[in-house]
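Student: Line order of the protein sequences matches chains A and B.
Just so we're aligned: the first sequence equals residues 1 to 319 in the working numbering.
Just so we're aligned: the second sequence equals residues 1 to 67 in the working numbering.
Honestly, the hints are just simulated from the structure, not real lab data.
Using N, Cα and C, we set each Cβ at its ideal position, and we do this for glycine too.
Check the hints yourself; a few may be wrong.
[Unchecked claim] List of simulated lysine-lysine pairs, DSBU-like, C-alpha gap at most 35 Å:
hint, chain 1, residue 1, chain 2, residue 2
1, A, Lys-229, A, Lys-257
2, A, Lys-87, B, Lys-13
3, A, Lys-52, A, Lys-87
4, A, Lys-286, A, Lys-311
5, B, Lys-32, A, Lys-286
6, B, Lys-39, A, Lys-52
7, B, Lys-13, A, Lys-257
8, B, Lys-39, A, Lys-194
9, A, Lys-229, B, Lys-13
10, B, Lys-32, A, Lys-194
11, A, Lys-311, A, Lys-257
12, B, Lys-13, A, Lys-131
13, A, Lys-311, B, Lys-13
14, A, Lys-52, B, Lys-57
15, A, Lys-87, A, Lys-131
16, A, Lys-131, A, Lys-257
17, A, Lys-285, B, Lys-32
18, B, Lys-32, A, Lys-229
19, A, Lys-87, A, Lys-194
20, A, Lys-285, B, Lys-13
21, A, Lys-131, A, Lys-229
22, B, Lys-57, B, Lys-13
23, B, Lys-32, A, Lys-311
24, A, Lys-286, B, Lys-13
25, B, Lys-39, B, Lys-57
26, B, Lys-32, B, Lys-13
[As the list claims (entries may be wrong)] From the structure, some residues in chain B lie toward chain A, with a derived Cβ separation under 7 Å:
hint, residue
27, Cys-8
28, Met-30
29, Phe-33
[As the list claims (entries may be wrong)] Looking from chain B toward chain A, a few residues come up when the C-beta cut is under 10 Å (computed):
hint, residue
30, Gln-10
31, Val-11
32, Ser-12
33, Ser-16
34, Phe-26
35, Arg-28
36, Ser-29
37, Lys-32
38, Cys-38
39, Gly-40
40, Ser-42
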Amino acid sequence: MPHLRAIIFDFDGVVADSEPIHLAVFQRVLGELGFILSPEEYYAEYLGYDDKGCFLAFLTAHGQAPSTELIGELVARKARAYLDHIKQHLVIFPGVRELVRDAASRHRLAIASGALRNEIEYALECAGIRKEFEHITSAEDVRCGKPDPEPFAHALASLNRASRSGQDRLAPGDCLVIEDSIPGIRAAHAAGMKVLAVANTHTVQDLHEADALTLGNEHDAAEAAFDGKGRWIDPPADWGLPDAALESDQFWRVYQKCCQRMPERHALVFSMREVMDMSTEEICKKLEISRSNLHVILYRARLSLQSCLAKNWFGSKHA
Amino acid sequence: MHRLMYSCEQVSKLSSRAMEQPLGLFDRSMLKFHLMMCKGCSNFAIHIEFLHRASHKVPEALEKDEG
C-alpha cells in the first residue's frame, strides 16, 4: 500500500458485533410472516446485503413476489426491533475503540455500510467514537448496496467534498477498506480500493479474495475449550482428509498466523518439538524447564493451534 | 465407576503426552476406551497427529519468518 490516507470501515461484523442480533431480528420479522430463516442460510446467502436487499432476496428465493410497500414495512419493523435490542446491549467488538482512536490520528476515517444511519450513529455514540469518523455512508444514501461499488464510491466522494484543497483529494487507491463479507470485498474491489478482511463472521478461506486477512477475535483456547467438568464446549469436528490443505499457500498463512497468536514461549517450544524435531530431553535442557512443564506447554500449544485452525481454516462448510 | 473415568480434558492431555512418551498400561487402556466412545476426543487425537505431520512440512520461507 503506497499511500494509505483513508480507512473505510464496514460496520456490521467489523465495528459492531451485530450480525447475531441482525439474524435474530430477521428471524423474528420473517417468523411473523410464517417463514423460517436458519443461521446457515443467513450466513451463507444474505450476509453483506442491506435490509431491503436481504428481505427481497429471501422472499424471492422462497417463491414470493413482495411489493415495495411490504418490503418497506418489513425494513421498518426490523429497524424498530433492532434499536430496541442495541439500547440494552453495547455491541462494539473489543479493541475497536482503541484501534479507531489510534487510526483517526493518522488517517481520515469513514463508514460504508448497508445498516441504517441511526443504528450506526447510536452504536458509535455509545462507544464514544462517533467524532472519529468524518463521514458515514448508510443504507439511506445509496441506490444499490454491496456488492455494488456505490457505497464505497459514495463514501469516497463525500470525503472528497470535505477536502479543503485539491491536494487533499483522495483517489480510490489511497483508501483501505476493512470488511468481513464477500459482497463487501467485491464492492470495494469494484470501487478500486484495497481490502483487509477480518474473519469475524466467515472463515479466512471464504475471504481469500481480499488483499490481506486478519483473524477474528478469539479467547485463550485452553481456557475456552472445556467446561467446569472437563467436557468439550465445542467438540472437535471431523476434518475429513486434512492433508490436502498442506498444498495450499493460503493454509500456511493461516497456520503461521495461528502460531503467532500463541504465547511466544509456547510457540518456541512447539516449533522446537514439531518443526525442528528435537527430543524432549534436548528441549528441557536447552530451555531449563521440567518435563511436566514441557508436556503442559506442548498440550496448550496443540490445543490453541487445533482450535485456531478449526475456526479459521477447517470451518464447518469445508469439513 | 465415573470416578475412574477420565474427562475429555484429561484425555486430550493424555493424547498430547502420548506424542512425547509411551503411556503406562493403565493410562493407555483408559485412553483407548475413551477414544472408542467419544467422537470429539478421537477427532482431537487425529487433529494433533495432523499438526505433527503438517509441522514437519512447514515451507522454508515460513520457517525463516518465524525464527
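Student: Next step is simple, just say for each hint if it's right about the structure.
Tutor: Hint check:
no.: 1; hint: Lys-229/A with Lys-257/A; in the structure: holds, 31 Å
no.: 2; hint: Lys-87/A with Lys-13/B; in the structure: violated, 43 Å
no.: 3; hint: Lys-52/A with Lys-87/A; in the structure: holds, 22 Å
no.: 4; hint: Lys-286/A with Lys-311/A; in the structure: holds, 33 Å
no.: 5; hint: Lys-32/B with Lys-286/A; in the structure: holds, 33 Å
no.: 6; hint: Lys-39/B with Lys-52/A; in the structure: violated, 42 Å
no.: 7; hint: Lys-13/B with Lys-257/A; in the structure: holds, 24 Å
no.: 8; hint: Lys-39/B with Lys-194/A; in the structure: violated, 42 Å
no.: 9; hint: Lys-229/A with Lys-13/B; in the structure: holds, 15 Å
no.: 10; hint: Lys-32/B with Lys-194/A; in the structure: violated, 51 Å
no.: 11; hint: Lys-311/A with Lys-257/A; in the structure: holds, 12 Å
no.: 12; hint: Lys-13/B with Lys-131/A; in the structure: violated, 49 Å
no.: 13; hint: Lys-311/A with Lys-13/B; in the structure: holds, 21 Å
no.: 14; hint: Lys-52/A with Lys-57/B; in the structure: violated, 48 Å
no.: 15; hint: Lys-87/A with Lys-131/A; in the structure: holds, 20 Å
no.: 16; hint: Lys-131/A with Lys-257/A; in the structure: holds, 33 Å
no.: 17; hint: Lys-285/A with Lys-32/B; in the structure: holds, 32 Å
no.: 18; hint: Lys-32/B with Lys-229/A; in the structure: holds, 20 Å
no.: 19; hint: Lys-87/A with Lys-194/A; in the structure: holds, 34 Å
no.: 20; hint: Lys-285/A with Lys-13/B; in the structure: holds, 22 Å
no.: 21; hint: Lys-131/A with Lys-229/A; in the structure: violated, 46 Å
no.: 22; hint: Lys-57/B with Lys-13/B; in the structure: holds, 24 Å
no.: 23; hint: Lys-32/B with Lys-311/A; in the structure: holds, 27 Å
no.: 24; hint: Lys-286/A with Lys-13/B; in the structure: holds, 23 Å
no.: 25; hint: Lys-39/B with Lys-57/B; in the structure: holds, 27 Å
no.: 26; hint: Lys-32/B with Lys-13/B; in the structure: holds, 13 Å
no.: 27; hint: Cys-8; in the structure: holds, 5 Å
no.: 28; hint: Met-30; in the structure: violated, 14 Å
no.: 29; hint: Phe-33; in the structure: violated, 16 Å
no.: 30; hint: Gln-10; in the structure: holds, 6 Å
no.: 31; hint: Val-11; in the structure: holds, 9 Å
no.: 32; hint: Ser-12; in the structure: holds, 7 Å
no.: 33; hint: Ser-16; in the structure: holds, 4 Å
no.: 34; hint: Phe-26; in the structure: violated, 17 Å
no.: 35; hint: Arg-28; in the structure: violated, 16 Å
no.: 36; hint: Ser-29; in the structure: violated, 19 Å
no.: 37; hint: Lys-32; in the structure: violated, 18 Å
no.: 38; hint: Cys-38; in the structure: holds, 8 Å
no.: 39; hint: Gly-40; in the structure: holds, 3 Å
no.: 40; hint: Ser-42; in the structure: holds, 9 Å
In terms of the numbered hints stated before, the structure departs from hints 2, 6, 8, 10, 12, 14, 21, 28, 29, 34, 35, 36, 37, listed from lowest to highest.
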